[in-house]
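In order, the protein sequence lines correspond to chains A and B.
Under this note's numbering, the letters of the first sequence match residues 266 to 407, in that order.
Under this note's numbering, the letters of the second sequence match residues 266 to 407, in that order.
Hints listed in this document are in silico derivations from the structure and should not be mistaken for laboratory results.
A couple of the hints might just be wrong.
Unchecked claim - Straight-line distance between alpha carbons at most 30 Å, and here's what the computed BS3-like set of lysine-lysine pairs gives:
(1) B:K318 <-> B:K274
(2) B:K344 <-> A:K276
(3) A:K396 <-> A:K311
(4) B:K396 <-> B:K330
(5) B:K274 <-> A:K396
(6) A:K344 <-> B:K344
(7) B:K396 <-> A:K344
(8) A:K274 <-> A:K318
(9) B:K318 <-> A:K396
(10) A:K383 <-> B:K396
(11) A:K347 <-> B:K318
As the list claims (entries may be wrong) - Residues from chain B shown here face chain A by an in silico Cβ test under 8 Å; the list is partial:
(12) L331
(13) D342
(14) L361
(15) I364
(16) L392
(17) V393
(18) K396
(19) L399
(20) Y400
(21) K403
Quick reminder that beta carbons are idealized off the backbone N, C-alpha and C, glycines included.
Okay, here's what each chain looks like letter by letter:
Number of protein chains: 2
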Amino acid sequence: MSEIEEKCKNKGVRLTDQRRLIAKVMSDSKTTYGSKDHPDVDELHKRVSSLDKNISIATVYRTVKLFEEAGIIERHDFKEGKSRYEPLTEEHHDHLIDINSGEIIEFVNKDIEELQKKVAQKLGYKLVDHKLELYATKIKKN
Amino acid sequence: MSEIEEKCKNKGVRLTDQRRLIAKVMSDSKTTYGSKDHPDVDELHKRVSSLDKNISIATVYRTVKLFEEAGIIERHDFKEGKSRYEPLTEEHHDHLIDINSGEIIEFVNKDIEELQKKVAQKLGYKLVDHKLELYATKIKKN
DNA sequence: ATACTTGCAAAAGATTTGCCGCATG
DNA sequence: CATGCGGCAAATCTTTTGCAAGTAT
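Model the full assembly from the supplied sequences, consistent with the hints where possible.
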């Protein structure tokens, strides 16, 4: 059983063949399909279709939304016009995007998190969510 | 002449009545319409229409894209499905978005900027650009 | 004059939804 | 068995574009 299917069970998310498949493909996006890519709905549909040709893209949309609302996967809106998804991890992380290769590197920085909370507070707000993306170029060594 | 119209002239961007009007409305979005809002195309079209009923929304889309590519205004893709714009300013700033009202508050925090640079460096990258958005709810005072 | 602009409506691309038969718990 | 789910196509929403006519330099 895939990691995400497990989470569905724990959270009482009803399972179907389609959802199980999407769960599997999402789970595998951590390991099987390169170093944790962040597939969009179209890509997910392609991958799922290779396992079962009868799954509608509407179902992928509905499922991905369902999983997201259940706190099982995470949506990202990078500047591409369409959303990309990744399995939700224990520890929150942000993304550094290599503007030359498009590669995405995940990182964690508690100090920044802390400062964000303080900034919001100072403005009279309670921080609910945030998005931090670093666009950068690789430093060639030597 | 509006601030943005001025910039168009300096950059050799061809001007028309429509563009002048859109330039004016964008320029005014810094002061006239509340504490610097970040209007989307629909809102811009409404404001422009109140001055000239014959301006098509397609023109607003085209103009806003033109201004952006000329480095005169800045586009933001917050989590709302549509882009919002603001005049490009000297000093970089980030945004806090009130997830209830949609209101946007700008802030500057040098410490966070500094940490971002360090994070990138540690990963072997040179920071070129970044995006930081805080999504928050107003703290009710009582 | 000539290349650029505009308005309109149609097209496009991503995502959502109504309907209805079907599967799940 | 009742409720929820999935497939399909149509609908939405934002943004883009082809075309013919008008405009800026």
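With 8 Å as the cut and Cβ atoms as the points, is V393 of chain B at the interface with chain A? holds (5 Å)
Take the C-alpha atoms of K396 of chain B and K344 of chain A, compute the straight-line distance between them, and say whether it is at most 30 Å. Satisfied, since the Cα-Cα distance of roughly 11 Å is no more than 30 Å.
Restraint satisfaction for Y400 of chain B [CB to CB of chain A, less than 8 Å]: Holds, because the Cβ-Cβ distance from Y400 of chain B to chain A comes to roughly 4 Å (cut-off 8 Å).
Hint validation: K403 of chain B versus chain A, beta carbon distance must be below 8 Å. Holds or violated? holds (6 Å)
CA of K274 of chain A to CA of K318 of chain A, is that 30 Å or under? Judged against 30 Å, a Cα distance of about 25 Å means the pair holds.
Just to be careful, I want the Cα atoms of K344 of chain A and K344 of chain B compared with a cutoff of 30 Å; is the pair within it? Holds. K344 of chain A to K344 of chain B sits at ~11 Å (cutoff 30 Å).
Under the criterion that the straight-line Cα-Cα distance not exceed 30 Å, is the pair K318 of chain B, K274 of chain B satisfied? Distance of about 25 Å is within 30 Å: holds.
Satisfaction of the I364 of chain B interface hint, Cβ to chain A closer than 8 Å: holds (6 Å)
Given a cut of 8 Å on the nearest C-beta pair, is the interface hint for L392 of chain B held or broken against chain A? For L392 of chain B, the interface hint holds, since the closest Cβ of chain A sits about 5 Å away, which is under 8 Å.
Could you grab the alpha-carbon distance between K396 of chain A and K311 of chain A and see if it respects the 30 Å cut-off? holds (28 Å)
Would the stated hint for L331 of chain B survive a check requiring a Cβ distance to chain A of less than 8 Å? For L331 of chain B, the interface hint is violated, since the closest Cβ of chain A sits about 18 Å away, which is over 8 Å.
Given the proposed pairing of K344 of chain B with K276 of chain A, does the C-alpha separation stay at or below 30 Å? Judged against 30 Å, a Cα distance of about 26 Å means the pair holds.
Hint compliance for this structure: hints 5, 9, 11 and 12 are broken, all remaining hints hold.
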